[in-house]
Amino acid sequence: MKLHEFQAKQVLARAGIAIPEGRTAATPEEAEAVATALGLPVVVKAQVHVGGRGKAGGVKLAKTAAEAKAHATAILGMDIKGLTVRTVYVERAAKIAKELYLGITIDRDKRRAVVMLSTVGGMDIEEVAESQPERIARAWPEPLLGLRGYAARALCFEAGVPEVQREAVAAMAQKLYDVFRSTDAMTIEINPLFIQEDGSVVAGDAKLEVDDNALYRQPELAAYKEIAPDEVQEERAKALGFSYVQLDGTVGIIGNGAGLVMSTLDAVKNAGGSSANFLDVGGGAKESVVKAALEIVLANPKVKAVFINIFGGITRGDEVAKGILAVLKDTKPKVPLVIRLSGTEAEAGRTLLEGAPLVSRATMDEAATEAVRLAT
Amino acid sequence: MSVLVGAQTRVLVQGLGREGAFHTARMIEYGTKVVGASKPGKGGTTQDGISLFDTVAQAVESTGANTSIIFVPASGAPDAILEALDAKIGVIVAITEGIAVHEMLTVASMLERSMSVLIGPNCPGLISPGTAKVGIMPAENFSTGPVGFVSRSGTLTYEIADLLTKAGLGQTTCIGIGGDPIIGLPTPDAVRYLNEDPDTEVIVIVGEIGGSAEERAAEYMRAHGTKPAVAFIAGRSAPPGKRMGHAGAIVSGNSGTAASKVAAFEAAGIPVATAPSEIPGLVKKALAGRT
Numbered sequence: 000m001k002l003h004e005f006q007a008k009q010v011l012a013r014a015g016i017a018i019p020e021g022r023t024a025a026t027p028e029e030a031e032a033v034a035t036a037l038g039l040p041v042v043v044k045a046q047v048h049v050g051g052r053g054k055a056g057g058v059k060l061a062k063t064a065a066e067a068k069a070h071a072t073a074i075l076g077m078d079i080k081g082l083t084v085r086t087v088y089v090e091r092a093a094k095i096a097k098e099l100y101l102g103i104t105i106d107r108d109k110r111r112a113v114v115m116l117s118t119v120g121g122m123d124i125e126e127v128a129e130s131q132p133e134r135i136a137r138a139w140p141e142p143l144l145g146l147r148g149y150a151a152r153a154l155c156f157e158a159g160v161p162e163v164q165r166e167a168v169a170a171m172a173q174k175l176y177d178v179f180r181s182t183d184a185m186t187i188e189i190n191p192l193f194i195q196e197d198g199s200v201v202a203g204d205a206k207l208e209v210d211d212n213a214l215y216r217q218p219e220l221a222a223y224k225e226i227a228p229d230e231v232q233e234e235r236a237k238a239l240g241f242s243y244v245q246l247d248g249t250v251g252i253i254g255n256g257a258g259l260v261m262s263t264l265d266a267v268k269n270a271g272g273s274s275a276n277f278l279d280v281g282g283g284a285k286e287s288v289v290k291a292a293l294e295i296v297l298a299n300p301k302v303k304a305v306f307i308n309i310f311g312g313i314t315r316g317d318e319v320a321k322g323i324l325a326v327l328k329d330t331k332p333k334v335p336l337v338i339r340l341s342g343t344e345a346e347a348g349r350t351l352l353e354g355a356p357l358v359s360r361a362t363m364d365e366a367a368t369e370a371v372r373l374a375t
Numbered sequence: 000m001s002v003l004v005g006a007q008t009r010v011l012v013q014g015l016g017r018e019g020a021f022h023t024a025r026m027i028e029y030g031t032k033v034v035g036a037s038k039p040g041k042g043g044t045t046q047d048g049i050s051l052f053d054t055v056a057q058a059v060e061s062t063g064a065n066t067s068i069i070f071v072p073a074s075g076a077p078d079a080i081l082e083a084l085d086a087k088i089g090v091i092v093a094i095t096e097g098i099a100v101h102e103m104l105t106v107a108s109m110l111e112r113s114m115s116v117l118i119g120p121n122c123p124g125l126i127s128p129g130t131a132k133v134g135i136m137p138a139e140n141f142s143t144g145p146v147g148f149v150s151r152s153g154t155l156t157y158e159i160a161d162l163l164t165k166a167g168l169g170q171t172t173c174i175g176i177g178g179d180p181i182i183g184l185p186t187p188d189a190v191r192y193l194n195e196d197p198d199t200e201v202i203v204i205v206g207e208i209g210g211s212a213e214e215r216a217a218e219y220m221r222a223h224g225t226k227p228a229v230a231f232i233a234g235r236s237a238p239p240g241k242r243m244g245h246a247g248a249i250v251s252g253n254s255g256t257a258a259s260k261v262a263a264f265e266a267a268g269i270p271v272a273t274a275p276s277e278i279p280g281l282v283k284k285a286l287a288g289r290t
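Those protein sequence lines, which keep their order, are chains A and B.
Counting in numbering that gives the first Met the number 0, the final residue of the first sequence is number 375, and the numbers go up one at a time with none missing.
Counting in numbering that gives the first Met the number 0, the final residue of the second sequence is number 290, and the numbers go up one at a time with none missing.
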């Protein structure tokens, strides 16, 4: 789950990390009033859950309150990568002397957090990692010890942080690590981290993404959750107990188990087609879940055929069949259904489905070929 | 022969709730020695004929349990794993899905200081056909034989085991290592167990998008492999930036792509199947091609 910059900055400020003074505004008039109250110049920043706001024209410097109002007028309602800007963050402009990068994420291979510090600030860190890997200093703190002072200082030496700022940047890295742990963050980033003309350090931007599996113990952050228009179906699916990802092909997919469903998408591709979605009904899905899953897939107007691929284990073939029949009883689908049932109670499932308007195939490859043929 | 679990396995169940009780009954049916379950406050009583203990340490002392299987819900599961580690249980299998990543960082750190092996979390467990099943997989898809099998997936494991079994290719041990980003026994470590097992003649490695465990497994086999291997990667057609069901199945930027994993296996001389149905054929070819 992503936080907006202003929300992340509040979290950082509470942990003692310096941020420029700022407030949110939902209208141009509010933005103008905030600019006047804060003192000029200010930066007007779009608050949306995507990177690259600056390039999209969502971050603008204003030297007067009238200019802040004009920028807010332009930015509010703007579409950035499919998301509409509803709020701007108006912030005192920093007096920038130098830009650094400070970020922490999860290193899956090392099974540790990795703290990254670079004097190449303001750029996408993945691009820096690609083009100038030697410019990123890294540390992997032992989780029971945290990021100790010596390790934070070593990072500053390795990255080449100017001597005057070394202690301040090291302290900021330690505080950021504590926030990373206490918020169950997957990623936390201050990019750019400004060194100002007076030598002080301040967080220019802030990015914070929280582990969805930890929201139960982060109630304050969980309240910030926003569902983007293209995530509505995915969230609805999650509430019903299965996992759904919208794709842009024409074969609707239903399966059980993440790996099997991924393989099903691959089988459709191998057969020359493309999948409209990823849908995993999970282990032990009952009739009602299968019914809801089929309804979600059929609601997608792009779907020209549906491929149901079940390998029964804990999930029973007869429950799957009942779920399908429950949908067919109410409505006659406009697109053909192809099913491959195998494993636990598959025979019982196939018997239940006899006479139903669907095509049954014995293997995943055969069913994929048939579904692709029917979708084209 | 087998790795990690076998005839010597004595299982303690942590989390004998509805799901835990169901799968425990299936494990006992299979012939796995289930010696007890921990249920705080119920020590000294029994449930479905299984002796209950207040703590894992007490259970280990009374029963000699050397393996545990965890069905505790996500919020309590890290504590259950740490309790099993503290009691020095040798093989800990965490079935639970949805454990917070930061909890797993702490668990991984403690795991590295211990002699224990953690399988999972978010996994189907493991099975040494004919001797022990410590997991939730449907047993009828597995059979005894020379194939060692490691997989990040659940259902796909059953599907592939079924294909192998129907092709007459039984298994030594099938290890479902789990679909989370931080797991106890990543692919290269699981492969190492199978590579060092004298009865395993060929290794099947089933990976998926996300992370670089498959690349490291390929590198390990290139350097230390003593037997042939066959690989399969799920999610070749998955778009970047989308989590495909498993918390760990995500391509971020240029990392974790199927293409990188396939290339790593091919560079190590390990054939990669493009569909599960190709795996038995490649395994037979690998067995026939040995010198």
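Calculated directly from the structure, the hints in this document are not laboratory data.
Check before you lean on any hint, since a few could be wrong.
To be verified - Here are the simulated lysine-lysine pairs, PhoX-like style, with alpha carbons at most 25 Å apart:
(1) A:K303 <-> B:K241
(2) B:K283 <-> A:K109
(3) B:K241 <-> A:K1
(4) B:K241 <-> A:K54
(5) B:K284 <-> A:K206
(6) B:K226 <-> A:K301
(7) B:K241 <-> A:K237
Claimed, not checked - Distance ranges between label pairs, derived from CB positions:
(8) B:K165 <-> A:G76: 27 to 37 Å
(9) A:G53 <-> B:T54: 20 to 30 Å
(10) A:V49 <-> B:T44: 30 to 40 Å
(11) B:A20 <-> A:E234: 27 to 37 Å
(12) B:N253 <-> A:R147: 56 to 66 Å
(13) A:A65 <-> B:T105: 45 to 55 Å
(14) B:A258 <-> A:G50: 50 to 60 Å
(15) A:G53 <-> B:A20: 48 to 58 Å
(16) B:A222 <-> A:D247: 21 to 31 Å
(17) B:T44 <-> A:T330: 26 to 36 Å
(18) B:R221 <-> A:D197: 13 to 23 Å
(19) A:I226 <-> B:P238: 37 to 47 Å
As the list claims (entries may be wrong) - Part of the chain A face toward chain B, derived, beta carbon under 8 Å:
(20) R107
(21) N255
(22) S359
Quick caveat: nothing in here was measured; it's all calculated off a predicted structure.
For every residue, glycine included, the Cβ atom is placed at its ideal position computed from N, Cα and C.
Cross-check of the supplied hints:
1. Restraint check for K303 (chain A) and K241 (chain B): satisfied, since their Cα atoms lie roughly 23 Å apart, inside the 25 Å limit.
2. With a CA separation close to 35 Å, the supplied pair K283 (chain B) and K109 (chain A) exceeds the 25 Å bound.
3. For the suggested pair K241 (chain B) and K1 (chain A), the alpha carbons sit about 14 Å apart, so the restraint of at most 25 Å is met.
4. Restraint check for K241 (chain B) and K54 (chain A): the C-alpha separation of about 23 Å stays at or below 25 Å, so the hint holds.
5. Between K284 (chain B) and K206 (chain A) the alpha-carbon distance is near 51 Å, which puts this suggested pair outside the 25 Å criterion.
6. A C-alpha spacing of about 47 Å is found between K226 (chain B) and K301 (chain A), which places the hinted pair above 25 Å, so the restraint is violated.
7. Annotation: proposed proximity of K241 (chain B) to K237 (chain A) holds, straight-line Cα distance about 15 Å (limit 25 Å).
8. K165 (chain B) and G76 (chain A) have their C-beta atoms about 59 Å apart, which leaves the hinted 27 to 37 Å range violated.
9. For G53 (chain A) and T54 (chain B), the Cβ-Cβ distance of about 56 Å falls outside the hinted range of 20 to 30 Å, so the restraint is violated.
10. Taking 30 to 40 Å as the suggested C-beta distance range, the pair V49 (chain A) and T44 (chain B) does not conform, at roughly 55 Å.
11. At about 32 Å, the CB distance of A20 (chain B) to E234 (chain A) agrees with the hint of 27 to 37 Å.
12. With their beta carbons about 32 Å apart, N253 (chain B) and R147 (chain A) fall outside the hinted range of 56 to 66 Å.
13. Between A65 (chain A) and T105 (chain B) the Cβ separation comes to about 53 Å, which falls inside the hinted range of 45 to 55 Å.
14. For the pair A258 (chain B) and G50 (chain A), the supplied restraint of 50 to 60 Å is violated, since their beta-carbon distance comes to about 24 Å.
15. About 56 Å separates the C-beta atoms of G53 (chain A) and A20 (chain B), a value consistent with the hinted range of 48 to 58 Å.
16. For the pair A222 (chain B) and D247 (chain A), the beta carbons lie near 41 Å from each other, so the given range of 21 to 31 Å is not met.
17. Here the CB-CB span from T44 (chain B) to T330 (chain A) is close to 51 Å, at odds with the stated 26 to 36 Å.
18. Evaluation of the 13 to 23 Å hint for R221 (chain B) and D197 (chain A) yields a failure: the beta carbon distance comes to about 55 Å.
19. Hint check: I226 (chain A) to P238 (chain B), Cβ distance near 20 Å, so the stated range 37 to 47 Å is violated.
20. This hint holds: R107 (chain A) has a C-beta 4 Å from the nearest C-beta of chain B, less than the 8 Å allowed.
21. Annotation: interface hint on N255 (chain A) holds; nearest CB of chain B at approximately 5 Å, less than 8 Å.
22. Because the closest C-beta pair between S359 (chain A) and chain B is about 17 Å apart, greater than 8 Å, the hint is violated.
Taken one by one, the earlier hints fail for this structure at numbers 2, 5, 6, 8, 9, 10, 12, 14, 16, 17, 18, 19 and 22, listed in ascending order.
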